[in-house]
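Undergrad: If you want the building blocks of each chain, they are given just below.
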Amino acid sequence: MHHPSAALSKDLVAASAVPLVLSLLQGGDSYGYEIIRRVKDLSGGRLEWADGMLYPILHRLEKRGLVQSYWGAAENGRKRKYYRLRRSGREELALLRAHWDDLYGMLRLAGEGA
Amino acid sequence: MFDLEKEVRAWSGAALAGRCRPDAMAAELADHLYCEIETARRRGASDEKAFAEAVAKVGSPDELAAELSKTRSLLGKGCAAVARLDRSGTAGRRLLVAHGILWAMMTIAGAVLAKENGKSASEAFEWMLLLVVIPGWIGSEQILRRALRVCATPGA
Numbered sequence: 054m055h056h057p058s059a060a061l062s063k064d065l066v067a068a069s070a071v072p073l074v075l076s077l078l079q080g081g082d083s084y085g086y087e088i089i090r091r092v093k094d095l096s097g098g099r100l101e102w103a104d105g106m107l108y109p110i111l112h113r114l115e116k117r118g119l120v121q122s123y124w125g126a127a128e129n130g131r132k133r134k135y136y137r138l139r140r141s142g143r144e145e146l147a148l149l150r151a152h153w154d155d156l157y158g159m160l161r162l163a164g165e166g167a
Numbered sequence: 034m035f036d037l038e039k040e041v042r043a044w045s046g047a048a049l050a051g052r053c054r055p056d057a058m059a060a061e062l063a064d065h066l067y068c069e070i071e072t073a074r075r076r077g078a079s080d081e082k083a084f085a086e087a088v089a090k091v092g093s094p095d096e097l098a099a100e101l102s103k104t105r106s107l108l109g110k111g112c113a114a115v116a117r118l119d120r121s122g123t124a125g126r127r128l129l130v131a132h133g134i135l136w137a138m139m140t141i142a143g144a145v146l147a148k149e150n151g152k153s154a155s156e157a158f159e160w161m162l163l164l165v166v167i168p169g170w171i172g173s174e175q176i177l178r179r180a181l182r183v184c185a186t187p188g189a
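First to last, the sequence lines map onto chains A and B.
Converting from the first sequence to my numbering requires adding 53 to each position, the first position being numbered 1.
Converting from the second sequence to my numbering requires adding 33 to each position, the first position being numbered 1.
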């Protein structure tokens, strides 16, 4: 039996990656390491991304025009690439959230009817 | 003595081997690795141990290359394949020879077909040779040579 505190399945991790990245960027510009750290914190450790998995997602989102990257500097002066949510990214996020809400609603209804 | 910067450069260079423009991505990956290294250092780890811990967390160059290749274009995947093949320096030369043979075969086939279809077809082929075949041959060879030059310097 699955316990709510168990780690999320690989399929769920993959499916939730884009909405999570877009949601985090809606809260402000960010960079790879911080995004991974925040996801880990938000999920209480149940959702831990492989670090290498994030960059293909960010680069794909940039290619699709949903996010925009720019170079800035870390506190110690090191070159750092930041990502910013674009207007089309906000629209995509709204759509994805609606889809997740629909799914959640379906799960609840299906459970009640059982 | 352990040279942290050199190790980080080697790690990102290996992860990005075969990419046509590795510099920007190398800086992004290096920043991520340094963040992990700094976290390990705050726990009291030495540079060498912090580097090993960070690599274990972020991924080996092969693991990272596999992840990053998921978003590469067809051209980028071809470039990486050439770079992997070209470790001895012979694959690039073979590719150039194959390219030359392909164009030569297309030109000969075009000439034979034109000859069999009469004078007007031969004249049309001459124009095609001047306007399409020769510029196309030279142009594609230049593009190929440039791609081979860039791909031959992984992590540069």
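Treat the hints with caution; some may be incorrect.
What the hints assert, rightly or not - Restricting the straight-line Cα-Cα distance to at most 27 angstroms, the calculated cross-link-like pairs of lysine-lysine (DSSO-like) are:
1) A:Lys-93 with B:Lys-148
2) B:Lys-90 with B:Lys-103
3) A:Lys-134 with A:Lys-93
4) A:Lys-132 with B:Lys-148
5) B:Lys-39 with A:Lys-116
6) A:Lys-132 with B:Lys-152
7) B:Lys-39 with A:Lys-63
8) A:Lys-116 with A:Lys-93
9) B:Lys-82 with B:Lys-39
10) A:Lys-134 with B:Lys-90
11) A:Lys-132 with B:Lys-90
12) B:Lys-152 with B:Lys-82
13) B:Lys-148 with A:Lys-134
14) A:Lys-134 with B:Lys-152
15) A:Lys-63 with A:Lys-116
16) A:Lys-116 with A:Lys-134
17) A:Lys-116 with B:Lys-82
18) A:Lys-132 with B:Lys-82
19) A:Lys-93 with B:Lys-152
20) B:Lys-103 with A:Lys-93
21) A:Lys-93 with A:Lys-132
22) A:Lys-93 with A:Lys-63
23) A:Lys-134 with B:Lys-103
24) A:Lys-116 with A:Lys-132
Unchecked claim - Facing chain A, from chain B, some residues (calculated, C-beta under 8 angstroms):
25) Phe-35
26) Asp-36
27) His-65
28) Val-88
29) Lys-90
30) Lys-103
Since the hints were made in silico from the structure, they are not lab data.
Each residue gets a CB set at the ideal place from its N, CA and C atoms; glycine is no exception.
Undergrad: For a quick check of understanding: which of the numbered hints are violated here, in increasing order?
TA: Failing hints, ascending: 1, 4, 5, 6, 7, 12, 13, 14, 17, 19, 25, 26 and 28.
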